[in-house]
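Here is how the chains run, residue by residue.
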Amino acid sequence: MAQYDIAQVVRDAVAGTLGTAELPSDLSATLVDDLGLESIDLLDILFRIECQIPVRLPMNWLSEVLQGEVSDVDFCTERGVVTDRGLRRLCELMPQLDPARWSGRLRVEHIPSLVTVGNLVDMVRVRAGADEASSVV
Amino acid sequence: MFEREPTILRVGAYSVDPARFADIVSRYPGAGPMLGVEPRDPENRAEAADPADRADPADQADAADPADTADSAKPADPAAEWAVKQAVLRALGAPIRLRARWPEIEVSRDPDGRWRVTSRGPVRQFHEAHTLGHVDVSVSETDGRITAFAVLTRDVTSVPEPLPGPADLPDRVASAVVNGPIDPTEY
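Heads up: the protein sequence lines correspond to chains Y and D, in order.
Quick note on numbering: our numbering labels position 22 of the first sequence as 348, and the sequence is numbered without any gaps.
Quick note on numbering: our numbering labels position 158 of the second sequence as 922, and the sequence is numbered without any gaps.
Hints in this document: simulated from the structure, not taken from any laboratory.
All C-beta atoms in this analysis are idealised placements derived from N, C-alpha and C, irrespective of residue type, glycine included.
One thing to keep in mind: the hints can contain errors.
Unchecked claim - Computed footprint of chain D on chain Y, listed as stretches where at least three residues anywhere in the stretch have a Cβ under 8 angstroms from a Cβ of chain D:
id, segment
1, 362 to 368
2, 383 to 389
3, 404 to 418
4, 428 to 441
Unchecked claim - Just a sample of chain Y residues kept apart from chain D, beta carbon distances all over 12 angstroms, derived:
id, residue
5, A333
6, A347
7, D457
Claimed, not checked - These stretches of chain D come out as covered by chain Y in the derived footprint (C-beta under 8 angstroms, 3 or more residues):
id, segment
8, 788 to 797
9, 857 to 866
10, 889 to 900
If we strip away everything but chain D, and leave its shape as in the complex, we get (with noise of 0.2 angstroms):
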C-alpha cells in the first residue's frame, strides 16, 4: 500500500591513479596493510579471485550486514578498494580521526560485479550510531582513473499523516474524545 523509497542522505565520492597506488605499495610494505588492501600482482589477479583468498568467516562475523558478506565474494582490485573505502568514509561523514581506519572496511565484488562493504570496529560502530543506512558503491575507470561513488540511503515510508489522537487535541476536545461526543456548540 505505501511505497519504500531510499532517501539519499550522501554522496562520497573518491579518485585515485591506480599506477600511483600500486607504486606506493610495492614500495612500501607496510602501505598495503595500513591502507587495508593486499597487494597482488596483476598477472595473478585470476588467481587471487580464488576462493581460498576469500575473506576468513570469522572476521566476516564482524561485518556490519551479514547479509552483505556472500560466500561469493571476490577481491576487488586493490586500488579500487581502496577508492571504495575513501567514497564510503566520505559518504558516511566520519569525523577525521576515522578517515584512515582502512583496514576496518572490507570491500569485495561479486562475481556478477556487484560491489559489497562491510565495516567493523570504530567505522561500524560510528556507522551504526550516527549514519544508519545502506551505502551502495560504484566504480568506473576513466582516462586511467578510478573513481568510486559512495551513496549513503535511508529507507523512509511514505505514510499519511496520522489522524489527530487525545494527545495532539486540545485538552477540551482531547477529553470530549476520551469521555463522549464533541459538543459542537462549545466551540
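With the rest of the complex left out, here is chain Y (with noise of 0.2 angstroms):
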C-alpha cells in the first residue's frame, strides 16, 4: 500500500464527490460542514477511494471505527449524548475535537459532521495497513 499516496486519493474522491477540479487543501475542512456534502455523499467518496486503491471501506466500517471497543452504555446515553467515554474514543480519531466544548452537548448523528478530511484521510490509511496485513497472512 506504500505505493499509494492516500492523501491525494482520498482528496481526488472528496473533490469527485464534490464535482469540482479544485482538491480541497485544508485536511482540517470538515466533510459536512465545511464541505456541504451530506451522508449519501460520504458513501460516494468510500466507493470512489475504493475504485483506485484495493481497500474495503464499507459504511458500517466507518461507524464501527468510530465508536472503537467502547460498550453502547459507555459510548451514549439513553438520549443519545455522548458521554465523555465516548468523547475521549472520539478524540483518538479525530483529535481536533475540544472536549471541553463537547462534553455533554454532543449527539451521535452529528459526530459524521464533525470528520474531516484529514481524519478520513487517517482511518483509511489504518484501514488499508489492515487489508494490506490480512492479504499478506
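Join the two chains, each given in its own frame, into one complex according to the hints.
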C-alpha cells in the first residue's frame, strides 16, 4: 500500500464527489459543515476510494471504528448524547475535537459532520494497512 | 377507566436528495445492498409493487413486531426507504456502531400509504434492550427533497397514585395496619 498516496486518493475522491477539479487543500475542513456534503455523499467518497486503491471501506466499518471498543452504554446516553468516555474515543480519531466544548453536548447523529478530510485520510490509511496485512497472511 | 397515552420519547428526522441517491445507487453495484435498498427503475415502480416482489416471509419472521409485517406490504421508493431507515435509527438513539446497519431495518408501505418498519439483528436487539417503544413514520417530499420523520413513542397508563401499603408506611403505622387499628393518640 506504500505505493499509494492515500491523502491524494482521498482528496481526489472528495473533489470528485463535490464535482470540482479543485482538490481540498485544507485537510482540517469538515466534510459536512465546511464542504457541504451529506451522508449519502460520504458513501460516494468511500466508493471512489475503493475504485482507486485495493481497500474495502463499507460504511459500517466507519461507524464501528468511530465507536471502537467502547460499549453502547459507555459511548452514549439513552438520549443519544455522547458520554465523556465516548468523547475520549472520538478524540483519539479526531484530535481536533475540543472535549471542553463537546462534553455532554455532542449528539451521535452530529458525529459524521465533525469528520475532517484529514480524519478520513488517517482512518483509510489504518484500514488500508489492516487490509494489506490480512492479505499477506 | 384509565386512558393510555403515547408519550413521545424521541424524534428522528432525515432528508435526502432522491436524484443524488439514485445516482449513487446506479453507479455502484454495491451501494444498494449496503444501504439496504433495492434500486429500481422509476418506470418499473408498478411492477415492483407486485406481490411477488415483496419481502420473503421467512425474513419477516425476524421482525421486531410481527404485527407490523402485513401481507399487503409493498416496496417503497428506495430514497424514501433509506431516509426512513436513517430517521428510525436516530429516533431509536442507536449508538454510532449501528448507524450504518441499514439492511437490518426493513421498510415498506401499505396500499393505503402507511409506512411499516421492522428490524432484525443487532438493531432489533438494541431496540428491545434500550428503547422499547413504537416507531411511527411519516415522509414528505418538498422542493425535490424527501424528508422522513420517525417518532418513538411508548404507551403509559394514567393511573392515580396508589394508596400507601404497609411497606410505604413508617414501622409503627405499618405494624398497625397489619395487626389492627391505629390508635390516633399514639401520634
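Each hint tested on the structure:
Using a Cβ-Cβ cut-off of 8 angstroms, 4 residues of the segment 362 to 368 of chain Y lie near chain D, which meets the minimum of three, so the contact claim holds. Under a criterion of three residues with beta carbons nearer than 8 angstroms to beta carbons of chain D, the stated coverage of the segment 383 to 389 of chain Y is upheld, 5 such residues being counted. Coverage of a stretch by a chain is defined here by at least three residues with a beta carbon nearer than 8 angstroms to that chain's beta carbons; for the segment 404 to 418 of chain Y and chain D the count is 3, and the condition holds. By the rule of at least three residues with a Cβ nearer than 8 angstroms to a Cβ of chain D, the coverage given for the segment 428 to 441 of chain Y holds, with 3 such residues.
No beta-carbon of chain D is positioned within 12 angstroms of the beta-carbon of Y:A333; the least distance is around 23 angstroms. Every C-beta of chain D lies more than 12 angstroms from that of Y:A347, the closest at about 19 angstroms, which supports listing it as non-interface. The claim that Y:D457 lies off the interface holds: its Cβ sits roughly 16 angstroms from the closest Cβ of chain D, which is beyond the 12 angstroms cut-off. Here's how the segment 788 to 797 of chain D fares: 5 of its residues keep a CB closer than 8 angstroms to some CB of chain Y, so the rule of at least three is met and the hint holds.
For the segment 857 to 866 of chain D, the stated coverage by chain Y is satisfied: 9 residues place a CB nearer than 8 angstroms to a CB of that chain, which reaches the threshold of 3. Proximity of the segment 889 to 900 of chain D to chain Y, defined as three or more residues with a beta carbon under 8 angstroms from a beta carbon of that chain, is established by the 3 residues found.
Checked against the numbered hints given earlier, the structure satisfies every one of them.
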